[in-house]
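Chains as they are written, first to last, in the working numbering: chain U, 3 to 370; chain C, 3 to 370; chain F, 3 to 370; chain R, 3 to 370.
Derived by calculation from the structure, the hints in this document are not laboratory data. There's no promise every hint is true.
It does not matter which identical chain is meant; a pair holds if it fits inside one copy or across any two.
[Claimed, not checked] Listed next, the in silico DSSO-like pairs over lysine-lysine satisfying Cα-Cα at most 27 Å (straight line):
1. 247 x 56
2. 103 x 359
3. 14 x 342
4. 342 x 73
5. 103 x 30
6. 30 x 248
7. 103 x 73
8. 334 x 73
9. 152 x 111
10. 152 x 334
4 protein chains.
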Amino acid sequence: MKDKSIAAVMEKANEPLRMREFPIPEVKEGCVLVKTLASGVCGTDVHCWRGQVKMPLPMILGHESVGTIDKLGTGRSADSMGEPIAQGDRVFWVAGHPCGKCYGCVVLKDTTVCSGRRAYGTSYSCADYPYLAGGYSEYVFLTERSFLFKVPEAVPSEAAIAFGCGFPTAVKGFEVIGGVRPGTSVLIQGAGPVGLSCVVLAKLGGANPITVMGAPQARLEMARRLGADHAIDIAPLARPEDRVKKAREVAGEADLCIEASGFPGAVAEGVELVRANGRYLVMGVFSDLGPAPVNPSIIVRRNLKLFGSVFWEPRHLHEVLRLLALYNDRLKLEDAVSAKYALENATQALQDVEALKCVKAIISPCAA
Amino acid sequence: MKDKSIAAVMEKANEPLRMREFPIPEVKEGCVLVKTLASGVCGTDVHCWRGQVKMPLPMILGHESVGTIDKLGTGRSADSMGEPIAQGDRVFWVAGHPCGKCYGCVVLKDTTVCSGRRAYGTSYSCADYPYLAGGYSEYVFLTERSFLFKVPEAVPSEAAIAFGCGFPTAVKGFEVIGGVRPGTSVLIQGAGPVGLSCVVLAKLGGANPITVMGAPQARLEMARRLGADHAIDIAPLARPEDRVKKAREVAGEADLCIEASGFPGAVAEGVELVRANGRYLVMGVFSDLGPAPVNPSIIVRRNLKLFGSVFWEPRHLHEVLRLLALYNDRLKLEDAVSAKYALENATQALQDVEALKCVKAIISPCAA
Amino acid sequence: MKDKSIAAVMEKANEPLRMREFPIPEVKEGCVLVKTLASGVCGTDVHCWRGQVKMPLPMILGHESVGTIDKLGTGRSADSMGEPIAQGDRVFWVAGHPCGKCYGCVVLKDTTVCSGRRAYGTSYSCADYPYLAGGYSEYVFLTERSFLFKVPEAVPSEAAIAFGCGFPTAVKGFEVIGGVRPGTSVLIQGAGPVGLSCVVLAKLGGANPITVMGAPQARLEMARRLGADHAIDIAPLARPEDRVKKAREVAGEADLCIEASGFPGAVAEGVELVRANGRYLVMGVFSDLGPAPVNPSIIVRRNLKLFGSVFWEPRHLHEVLRLLALYNDRLKLEDAVSAKYALENATQALQDVEALKCVKAIISPCAA
Amino acid sequence: MKDKSIAAVMEKANEPLRMREFPIPEVKEGCVLVKTLASGVCGTDVHCWRGQVKMPLPMILGHESVGTIDKLGTGRSADSMGEPIAQGDRVFWVAGHPCGKCYGCVVLKDTTVCSGRRAYGTSYSCADYPYLAGGYSEYVFLTERSFLFKVPEAVPSEAAIAFGCGFPTAVKGFEVIGGVRPGTSVLIQGAGPVGLSCVVLAKLGGANPITVMGAPQARLEMARRLGADHAIDIAPLARPEDRVKKAREVAGEADLCIEASGFPGAVAEGVELVRANGRYLVMGVFSDLGPAPVNPSIIVRRNLKLFGSVFWEPRHLHEVLRLLALYNDRLKLEDAVSAKYALENATQALQDVEALKCVKAIISPCAA
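Go ahead and model the full structure; you've got the sequences and the hints to work with.
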């Protein structure tokens, strides 16, 4: 077993990540040391790197990762669902840790609104124990609090990581709204990992038609491959009214509209595109980019239901892996991983994701 | 039986209503002729009169009324719930008529989004049969399509009409959101008939604390009488941030926020006042007064649920009358009727309601 | 236009149906005369014929039928969803008529529990106007109260009728429970039209695995063709404990169990097969065949949810036709029609259905 | 601080509890030592004592208790909701401990169906650390895993303990069914702590009428005091059909029926008493006392919904304390504590509870 790990460290916003070496802490009771196979480069990582998210520095980014177990602390013989685990097994771990004792955790029983929530790759500085918390690192050290799930044998690691945290985010959003049923018409705003995950869930659930609005072409192409009946390129549709008009022409009224774009203005447009008594799931606008001009009289007169949804819980990742075990044979999500970077090229990965150059980018610190 | 009826007619927007006489049509099979005891003056009537609502003229306004049965057509021996009715009985009728064959009526099974919805007092011109459709009239002629419910013996007519269509509107809104439970904290924006009805429903359901924001003082006083724990006068709180700050100080975070104000901006404020995982019922902004600057990142990060709700169905009026039969002994809603007008003073009633001079105004075309 | 119609009439329980001729009433305003292409032979028809269901005689059976419009009364230019209709168009009509004024219809807004419900083919004697109410007849006369939907061009009539009233029954049941989501494990008790419709809905919704328990082999074979992962023949499993054991071995615990068998005992077994926090949809046991020994401590200790569901409403038939338009290309439900009978052989059809000789039997009074 | 505690120990089923002395373990990090003010004698305790529940012996019974903090381990400065706590404060602790890593805990996110659930007073033998787990003891030792909530100042300890674990059980059951709304008619089977807690919740929520069926008179009297409109003594109603008939006469059909009796047969009766589309909450039949003859055709034909509910989670106890803080001024639940026993009389307490001699019995190991 190695006692040191190389990681790509963000020391200052907007500056290239620096390769640094860390001592690997002792793998005590309940802890797990994993060798990182693949760590997704999430849009949030870009926001972090650009200084738009408050976080302690220095930081090893990377909050959606798959790795092989290098060493198990005593007492850790099973994953969070009781599946036996051993050295060499592939696992996907949950980056977020709730506090377990706030109003959200206890009374609302919803750790996605935990007021003391911390997450690997976004809230633990690598200056502090256990140092190796983010996925842009050869090794990641999981403390005894971490949930982790074995990746099913038949599921390629790249399929598991393909939409990263976007997939469990979408699973949780679908749970919040009660899902779709066969024949539900769905309009999805945004073709990034969250939007594409919604295409998968909508398609598996028999929704029809499924329309995606987004950019660029490569992502729309992936949307079509995953089952979208229509994919609207928003590049030439500069004005909100153009987008609304086009969406109506192509998709008609939607039983369900999903905002997975990250742009506040999308919400104002989406409200106009939902059918009477329809539902609107808003997941993308996580960062506070200010208000959008929403017309509440539409919400009233059409009996609309809007559901915000943020983050996800361990069970949603469990569901992702279960769905992949059942359906990845035909989904082949690994095809969405369109760019792979060595650890030392992590900065380039961030830049490429920012420029929307890839459907999904991953960093591969270690070979399998 | 009389064969003519006097009614107050709106011939042109903004002009005084004119007293005119109409022939009473023959009371054919299934129809009912009622003598109007009390017709509420709804805020919507003011919007109609001010020309802000598209409607055919000339029009007899009045869509929330109680009257005594003057004549029953053959085959009408029971109200819409099977209660026997006879000449002299007091009834409350449903003004709205759905088309019964649109997507809303058939597929959504929700007549509140019927695309062919028409209503007595807002969509039937008195130039056409059955002429006497609005409540600002001595007699109202109910066709065979009309739902009507007997007013329970113990319920004063003025209690039944006190919050007019605002009460079933609130009942339907509460149905949409799944109601409150004991201990739910509720913040209500608006102290008109809809807002006050929400106070009643919240109080009956054990909500605590109940906070109302509105104006003027007489309405806030009524809110307190009905059980509001706090009533915030918004008159001195000119800016949105002042109102949000004050509401937070007084009410903390609300498990449930209810918009019953009619002002788009209230929605932007309300979104900031709901607790994580909380609900926001938006009912007041019926008229299209343009957009409000809503911040969707709050909706996302707090997992908020927003529910628009418009109109109501016959069962909601049935529930209103049932609740009054059970609880009006202690509610004494008749006390909310703070101004009564003879039919010939209907124009004055509209002006006084517009000026918020009364908690609730009614027109009494006929003595009981 | 013909002025007479031949029909197969049930004059007495258990006796052969008799071919009789009826005058066709005048097609007045709002009415529709249809020429019957296919009328399903439902298990309920057998119960009716065996005298197990109270009904007025003489009766033309047949409550699930597709026909071509022969004549439209004035004012009927569209189906119940506003689709234009004309002579020669194929339509599927709703047999049931709610009263519209009972507690169920008005307060519960659910016509499936209407206390005055009547239906073509089960409650209108052919001794009374409009005589031609049941589908075992060359012509059926639809009064102005009847809901009817155009059959989409691409959907074969036999696909539309393949599971008869079982399909909208299943659609309504799925609505009641909130449907399935991708990955939901489903166990279906019964392989008749309702059970097979549930296979279709579960499969379209991504449920996995789907297990059906039933008989005979032909129906289990159809279940497999429609997407069931497992089909358990209950013929050799005589005792409840054998069936429970086998189901557990094959399907494990079910997130959702569905009773579509008609046998009270199935409910006692099903309760043992649902996972903790799981749902149990009970639809099959319509006829009162007495109690079953259900163990309530299982319901309590596993937090089970049981949902009874009876009948359906027009919108559920609309959804059936919409789903067929979308998915019958791959479902090919017409293949489930395994036996077709001329009108004069209707008695034989009833006997064959009783003996479970067919997956689905239809009577075809007229060629298309 | 004392270093020993006296406790009443169950060494063998059906034998008198024996007073024994235990060493008090060191109060390490996160642990809490409490001095027991009051420990409820639950019906489950009687079942345990009678050997009907599998449990390790010797055992200190008592799973619903209030005490004062005697010593706080380091790091425990707040209760489970973040309220500061200190020596001398009164707290109510959660007896149950989920495993946190089973299908129920992780995937269903519902610790009430945890497959590894253990609870103070029913699953920890006093032969093992921390020895003092049950409430029939001067001192109780709470490990770092225990949830505990401060009892609000204004709430008497006896009010907090009055319905013991029955109150949070009822709160959770009401959560499962979505609660009541003003005017919901409720029929409650059983007048023990769970049934009486349901009266409280139904009354606070505006349900009307509220009918309780049970025995003996003292409990029915308490039901009336808490707001039941009708209380039916089942003592003279020996046969199921008598009870059903009486309930129908008194209460009509119930929108909501609640089984809180513990008798399987009650479920068969309750199914007949629920209105079409109504709900039936089954909570009482926890112990497996065998099946009841339930007629599933009633469930189908009336679209009934049955909900089983077992146990509760920390947030439900938090809600109990919050409701008491709001409403105990008028509820005065302390009046339900009709019998208090010294620790050495615990055996007598069990016998009296078994004989239904008290509304609620408590054991008071220490004076306040």
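The hints, checked one at a time:
For the homomeric pair residue 247 and residue 56, the shortest alpha-carbon distance between copies (25 Å) is at most 27 Å, but the shortest distance inside one copy (38 Å) is not. For a Cα distance limit of 27 Å, the shortest separation of residue 103 from residue 359 qualifies neither inside one copy, at 42 Å, nor across copies, at 40 Å. In this assembly of identical chains, residue 14 and residue 342 lie within 27 Å of each other by CA distance solely inside one copy; the values are 24 Å within and 66 Å between copies. For the identical chains of this complex, residue 342 and residue 73 are intra-copy neighbours only, at 26 Å inside a copy versus 56 Å across copies, given an alpha-carbon limit of 27 Å.
Taking the shortest Cα distances, residue 103 and residue 30 sit within 27 Å of each other both inside one copy (25 Å) and across copies (19 Å). In this assembly of identical chains, the alpha carbons of residue 30 and residue 248 never lie at most 27 Å apart, being 58 Å within a copy and 44 Å across copies at closest. Taking the closest pair of Cα atoms, residue 103 and residue 73 come within 27 Å of each other only across two copies (20 Å); inside a single copy the shortest separation is 30 Å, beyond that limit. Taking CA atoms no more than 27 Å apart as the test, residue 334 paired with residue 73 passes in neither setting, with 30 Å inside one copy and 53 Å between copies.
When the C-alpha separation of residue 152 and residue 111 is checked against a cutoff of 27 Å, the pair qualifies both within a copy, at 25 Å, and between copies, at 19 Å. Taking the closest pair of Cα atoms, residue 152 and residue 334 come within 27 Å of each other only inside a single copy of the chain (19 Å); across copies the shortest separation is 39 Å, beyond that limit.
Checked against the numbered hints above, the structure violates hints 2, 6, 8; every other hint is satisfied.
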